[in-house]
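Participant: These protein sequences, in sequence, are chains V and L. Using my numbering, the letters of the first sequence map in sequence onto residues 1 to 322. Using my numbering, the letters of the second sequence map in sequence onto residues 1 to 165.
It is possible that part of the hints are untrue.
The calculated DSSO-like cross-link candidates involving lysine-lysine, where the alpha carbons are at most 27 Å apart (straight line), are [said to hold, decoys possible]:
no., chain 1, residue 1, chain 2, residue 2
1, L, K161, V, K9
2, L, K91, L, K4
3, V, K72, V, K136
4, L, K25, V, K72
5, V, K136, L, K25
6, V, K302, L, K161
7, V, K72, V, K180
8, V, K136, V, K66
9, V, K136, V, K9
10, V, K102, V, K180
11, V, K62, V, K72
By construction, these hints were calculated from the structure, which means they are not laboratory data.
The lines below spell out each chain.
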Amino acid sequence: MTLLFELIKQLIIAAVLLGFIAVNAMFLIWLERRLCARFQVRIGPNRVGFQGCLQPIADMIKLLQKENIVPKDSDQLIHLLAPIVVFTAAFMAYLSLPFGPKLIALDMDMGILYIFAVTTLSVIGILMAGWGSNNKYSLLGGMRSVAQIISYEIPLVLSIFGVIMLSNTLRLPGIVESQKGFFGWYIFQQPLAFVIYIIAATAELNRAPFDIPEAESELTAGYHTEYSGMRFGIFFLAEFTSMFMVSALAVCLFLGGWQGFGILPAPLWFIGKCYAVIFLLIWFRWTFPRLRVDQLMAFGWKILTPLAFLNILVTGLLISVK
Amino acid sequence: MIEKFQFYIFAAMLIMSAAGVVTLKNIFHSALLLGVALLSVAGLYLLTGAEFLAAVQIIVYIGGILTLIIFAVMFTKDLSDKHVRQTNGQKPAAFMISSVIFGVMTYGILRSPLPDRDQAVKIADTASIGRVLFRDYVLAFEVLSVVLLIALAGVIIIAMKEKKK
Chain V
1 MTLLFELIKQ LIIAAVLLGF IAVNAMFLIW LERRLCARFQ VRIGPNRVGF QGCLQPIADM
61 IKLLQKENIV PKDSDQLIHL LAPIVVFTAA FMAYLSLPFG PKLIALDMDM GILYIFAVTT
121 LSVIGILMAG WGSNNKYSLL GGMRSVAQII SYEIPLVLSI FGVIMLSNTL RLPGIVESQK
181 GFFGWYIFQQ PLAFVIYIIA ATAELNRAPF DIPEAESELT AGYHTEYSGM RFGIFFLAEF
241 TSMFMVSALA VCLFLGGWQG FGILPAPLWF IGKCYAVIFL LIWFRWTFPR LRVDQLMAFG
301 WKILTPLAFL NILVTGLLIS VK
Chain L
1 MIEKFQFYIF AAMLIMSAAG VVTLKNIFHS ALLLGVALLS VAGLYLLTGA EFLAAVQIIV
61 YIGGILTLII FAVMFTKDLS DKHVRQTNGQ KPAAFMISSV IFGVMTYGIL RSPLPDRDQA
121 VKIADTASIG RVLFRDYVLA FEVLSVVLLI ALAGVIIIAM KEKKK
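Next up, chain L with everything else stripped away, as it sits in the complex (with noise of 0.2 Å):
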C-alpha cells in the first residue's frame, strides 16, 4: 500500500518538474527542475531495490553532469537573462517528432513481458552487479572506460590548441 503511495509521489513529481524543465521561461530553474526530476529517478529506482542504481544516479546525474549544465548556464551571461525567449518557430515538428517516440516507447514497453518484481531485485542487489560486471563482463566494462579515457585525452587536447592560438 505505501509503496503505491510512494510510487504515485515520485511519478507526479517527475512529471510536473519534466514539464517545468520544457516549459519555464527562466534557464536556471529548468536546470533546477531538471535537477528534480532526476531525484524522482532516483526514487523510483530506490522502490524497486535497486539501491546502487539510485545511488549513482545521483552521484553521476546530479553531482556530474546538472552540475556542469548549471556552470554552464551561469558562465553565459545571455542564457542566465532573466527573461530570454526559449522557443523556436519549430513546435508543430518538435511536437509530431516527441509523439512518435512516446508512442514507440509506450508501445514497446506494453508488450514486452516485465520481469517479477522479486526476481528484479534480485538482479539488481550491489553485490550481484559487482560480480556482473567485473567477472562475466570485465571485457566490455574495460574497452568501455578505454574509450571513455580516449574521450578525456580528446577534450584536453582540443582545449589546449584553443588556448595557443
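Chain V extracted, bound-state conformation (with noise of 0.2 Å):
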C-alpha cells in the first residue's frame, strides 16, 4: 500500500514539474521574441493574443502538425533517442531545485554534485543527435558543441567552489539559508565567480556569443540540422528547460534563493530572479557577436579557467584568516 502510494506521490511530483517547464518553455518562447525584437528596433510577435502572448501556443500547433522527416540514411533509433535523452538530463535537474523553503522534490545531501552530474548526460544526447542524423553538419555541430560544453563546464564547477567553502554545504537549500539579508548574497563575497558562472553558463547552454555550435552561417543549425516536427520541438524544450535551470542555480548560489524583503511569497521571488537572469541571459544573445571557435577555447582555458582557480585561492586564504 505504501508501495503504491509512494509510486502516485512520485508521478505527482514528476507531472507537476513537467507542467512547470512546458508553461515555462512558452513564456520563455514569447519572452525572448519580444525581446529580441525590442533590441533591435522591432515590434516582434504581437497578432495572436494580447502582445502576442499566445503566440507559443500557436508555434506549438505548427510544431505538432508538422511532418516529421528523417533522412533516410540515418540510424533511425539514434535519431529518435537523442533528443529525448537531451530533455531527460536537462528535466532531472529540476529535482533538486529549491523553490522555496521546503518546496523541492527531493532534499538531498549533494545537491548540486547531483545536477552537475544529470547535466553532463546531455553531451551524450548531443552526440547521438550528431551521429545519427548522418550529416555532416550535424556531426560537426555536435563535435563542436560537445568540445565547448566540456571545456566550459571546468570553469563553471570551479566557479561555484568559493560559494561551496564559504557555506561549507553541497545542499542547495543549505546554501541559500546560510545567505542572510541583502548583503549577505555571494554575489558581494564572489563577484568574480559570478561573472565565472554567468559566462561559462552561456557557453554551456550553447548561446550566442557562444552559438558555435550551431553557427547558422558556418553550419545551417549545427546537431539539430536534421530535426524536423516535434523532434525539434523537443530539443528547443530542452534548451529553455536548461536555461531556467541554469539561472535558478546561479539565484540559489549567489542570490540568495527564494529569500526576499517584501510580503510576497518565497516561490515568486524565486522565480522572479530567475527571470531576471534569464533577462541577462536573452541581453547577451542579441547583443554580442559570435566568438570564432579558436577565441573560444582560448577563452575558456587561458582566461577563464586561471581566473576561477585564483577565486579558490583567495577564497580560501581569506577563510583561513578569519
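Using the hints, put the two standalone chains together into the complex.
Facilitator: Here is the structure:
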C-alpha cells in the first residue's frame, strides 16, 4: 500500500515539474522573441492574443502538425532517442531545485553535485544527434558543441567552489539559508565567481555569443540540422528547460534563492529572480557577436579557468585568515 | 521490498547492456550501451546510499571517459562504419581468460565478509569521504594528484613534438 502511495506521489511530483517546464518554456519563447525584437528596434510577434502572448501556443500547434522527416541513411533509433536524452538530462536537474523553503522535490545532501552529474548526460544526447543524423553539419555541430560544453564545464564547476567553501554545504537549501539579508548574498562576497559562472553558463547553453555549435552561417543549424517537427520542438524545449535551470542555480548560489524583502511568497521571489537572470542571458544573446572557435577555446582555457582557480585560492586564504 | 525491486532492475540493465557492449556490430551503439551500463552502476551505488560515489561515477565516467570514447569513435572513419567486424579469431583464449577472472572474482566476493549495510552507509557519506580524503589520507591524495598532473603535462609534450615534425 505504501509502495503504491509512494509511486503515485512521485508521479504527481514529476507531472507538476513537467507542467511547470512546459508553461515556463512557452513564456520564455514569447519573452525571448519580444525582447530580441526590442533590442533590434522591431516590434516582434504581437498579433496572437494580448501582446502576442498566445504566439508560443500557435508555434506549438504548428510544430505538432509538421511532418517528421527522418533522413534515409540515418540511424533511426539513435535519431529518435537523441532529443529525449537531451531533454531528460535537463529535466532531471529540476528534482533538486529549491523553489521555496520546503518546496523541493528531493532534498539531497549533495544537491549541486547531483545537478552537475545529470546535466553532463546531455552531452551524450548531443553526440547521438550529431552521429545519428548522418549529416556532416550535424556531426561537426555535435562535436563542436561537446568540445565547448566540456571546456566550459571546468570554469563553471570551479566558480561555485568559492560559494561551497563559504557555505560549508553541498545542499542547495542549505546554501540558500546561509545567505542572510541582502548583503549576505554571495554575489557580494564572490563577484568574480558570479561573472565566471554567468559566462561559463552561457557557453554551456550553447547560446550566443557562444553559439558556435549551431552557427547558422557555417553549419546551417549544427546538431539539429536534420530534425523537424516535434523532435526539433523537444530540442527547443530542452534548451529553455536548461536555461531556466542554469538561472535557478545562479539564483540559489549567488542571489539568495527564495529569500526576499516584501510580503510576496518565497516561490515568487525565486522565480522572479530567475527571470531577471534569464533577461540577462537574452540580452547577451542579442547584443554580442559570435566568437570564433579558437577564440572561444582560448578564452575558456586561458582566461576563465585560471581566474576561477585564483578565486578559489583567494577565498581559501580569506577563510583561513578569518 | 521496493529497494530489492530497484536493485534487480538496475542489475538486469547492467548485465544486458554490458552484454550488448561486446556483442553489437555497430561500435557507436556499443559505446552508448557502455553509457547505460555505467549509469546502472551509478544506480546501484545510489541504492546502497553512496550518493557521492554515484554522482562522481556519472561525472567522471559518462561526462569524461565515455565522451572521450565516443569522440574517438566518431573521428576514426573506419571505426564508425556501420558494419565492421569487431571480433577476431581469439575467441577461445578470450573466453578462458574472462571465465578465470569471473571465477576468481566470484570466489573472492563470496568468501570475504561484507560489512553491515548501515555501517557501509555511514562510511560512504559525503562529509566523511571529504574528511578521510583531506585529513587522514591527505598525503596519498596529494601524491596522486601530482602523478596525474605529470601525466597530463607528458601528454601535452608528446602531442607538441608530433606536431612539429
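Participant: Any hints from earlier that this structure breaks? Give me their numbers in increasing order, please.
Facilitator: As far as the earlier hints go, 1, 2, 7, 9 are violated by this structure, in ascending order.
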